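So that you can map any letter, position 192 of the sequence shown is 192 in the UniProt record's numbering, and since no number is skipped, the others follow by simple counting.
Calculated directly from the structure, the hints in this document are not laboratory data. Predicted, not measured: the structure shown is a model, and the values here were computed from it. We put the beta carbon where it would ideally sit given N, CA and C, even for glycine. Some hints here could point you the wrong way.
[Stated by the list, open to error] Taking lysine to aspartate or glutamate pairs in the DMTMM-like style, the calculated list, with each CA pair at most 25 Å apart, reads:
1) Lys424 / Asp401
2) Lys424 / Asp229
3) Lys424 / Asp358
4) Lys424 / Asp348
5) Lys424 / Asp296
6) Lys424 / Asp436
[What the hints assert, rightly or not] Label pairs and their computed distance ranges (CB to CB):
7) Ala254 / Ala115: 37 to 45 Å
8) Thr492 / Glu297: 38 to 46 Å
9) Ala115 / Asp286: 30 to 38 Å
10) Gly272 / Ala115: 21 to 29 Å
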Amino acid sequence: MSHVPVASSVSPGVIPLLAAPADVSPVAVVVLGGLLVLVVVGAVIGLLVQWARRRRHDVEAAELADRLRRDAYRDPLTGLLNREGFLHADPAPGGAVAVVDLRLLGQVNDTLGHARGEVFVRLATERMVSVRLPVLGGVPPVAARLEGDTFAVLLPGVDGHDAHTAAEDLRERLLAPYLVEGVRFEPPVVIGVAADGPWLADVPAGPERTAALLRRADVALAATRDGGDPVRCYEPSMGERAARRLRLIRGFSAAVARRDVRVDFQPVVSLGARTVVGVEALARWDHPELGLLLPDEFVPVLEATGQISELTSFVLDESLAAARRWLDRGMRLSVAVNVSVGNLGAADFPDEVASLLDAHRVPAELLTLELTESGVSSEREVALPVLRRLHALGCHLAVDDFGTGQSSLAHLRRLPVDQVKIDKSFVLGMGTEYGDVAVVRAIVEMGHTLGLTVVAEGVEQAAVRVALAEMGCDVAQGYLVSRPLPARCFDTWLDSLDVHPGEPGQTAGPRTLIA
């Protein structure tokens, strides 16, 4: 009987997964199954660990990104927003921005050092964030530190009038004196404000709108330097002035090179002998588009941008060259040059003056450096060492515009000055105001008590000249004698005067005005 194979249910070429070799024991099968389970569990655990690590890395990366983003938008010293962060603090339509300048950090740094300056900035920050303005419903304002002791405040949902009111309220709360290391400082706070308006209609909301408000608030802040209200709201006319100032800033150096900037000379005469004893050097700018510009317009711009040293150097060089020219003609005429507080902050300024005196071979006593009373009063500690060095050179020092600032008898005694110049507003008023006559007389007496030469500016009437002479005022200048004249015109004017007879064998003496 033949054997017939039984048909298998498994397809050819397919091996059953659970089939075990015939020679494998059941124990081995169990062990292999356990190992397989362990491999699967290990793989799952590895995947979970890898996922957890990746998750932790993602979280740490996100936290780092958030921290970097916060740091990029925050001032590290105060924790307030910085300029970039403030730009992203989007104001709602109808809001305003105020830029606050305490104008005190430089004084604190110079007096106590930069570490104490940081203390002052933190104190100002505490005050800034604790302010509760009524127009904001008691909600603390969003504040930022732009630089130094200049801050910005966001005033959402207020119009121009309310913004000005809020700025005045903020200023009042920031005006209180600061006590740093036992030293009391009083900040002359000024604020510029810019409110939303039709001029922002085409500016999209967000950083661009905030930047536009901030720029105009800066323009309004700059306008506070012109005097008047320490809180100024932006007006379109301020933009025109800002554009004009920008043209002056950009064009000054080229104007000096082209000789568009020149030095005019106004004579100074002795009231007793009526002789010309010196001149005051006054800068003029013949602008090709804006016309003749006087110092009152461009000097503050140069001071604000640090270009004042270039102007001072130019005027000193021109003035000493003129003094040398007059010496060569036998005339010893002193030249008075106005000096900015910014010049006195430069430690090398006395060296520059000494170098120019040597280059032009002019005796130091023929150079008078004039400083404004307000400038010397506000920066006395910074300016005093430089003033002493200048005085040691032999230069004369004069306090200009005396009577309009905060100087006192004790203050003048501590300064190495040789002259006081009575502000022309008092001299001009002598013809009509008895009070101005009394002020001028008091300044003359005080100056002489201190051993100072007293100069009167703005003498335009013969009666005023006579009154000044009777008071004992030493010298005078003004339109009664002559307006400021360009160098060539001044030389012609000098040639028109009578020559005072000198001693035999001596150089010609000073020139006398024609009666």
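Outcome of the hint check:
Simply put, Lys424 and Asp401 have alpha-carbon atoms about 7 Å apart, close enough for the 25 Å limit, and the pair holds. Of the supplied pair hints, the one linking Lys424 and Asp229 holds, its CA atoms being roughly 24 Å apart against a limit of 25 Å. Between Lys424 and Asp358 the alpha-carbon distance is near 33 Å, which puts this suggested pair outside the 25 Å criterion. Taking the CA atoms of Lys424 and Asp348, the gap is near 32 Å; set against the 25 Å cutoff, the hint is violated.
For the proposed pair Lys424 and Asp296, the alpha carbon gap of about 15 Å is at most 25 Å, so the pair holds. Distance check on the hinted pair: Lys424 and Asp436 sit about 10 Å apart at the alpha-carbon level, within 25 Å; holds. The supplied range of 37 to 45 Å is met by Ala254 and Ala115, whose beta-carbon atoms lie about 41 Å from each other. A hinted range of 38 to 46 Å for the beta carbons of Thr492 and Glu297 is inconsistent with their spacing of about 28 Å.
The hinted window of 30 to 38 Å between Ala115 and Asp286 is violated, with their beta carbons roughly 48 Å apart. The given range of 21 to 29 Å is broken by Gly272 and Ala115, whose C-beta atoms sit roughly 55 Å from each other.
Hint compliance for this structure: hints 3, 4, 8, 9 and 10 are not met, and every other hint is.
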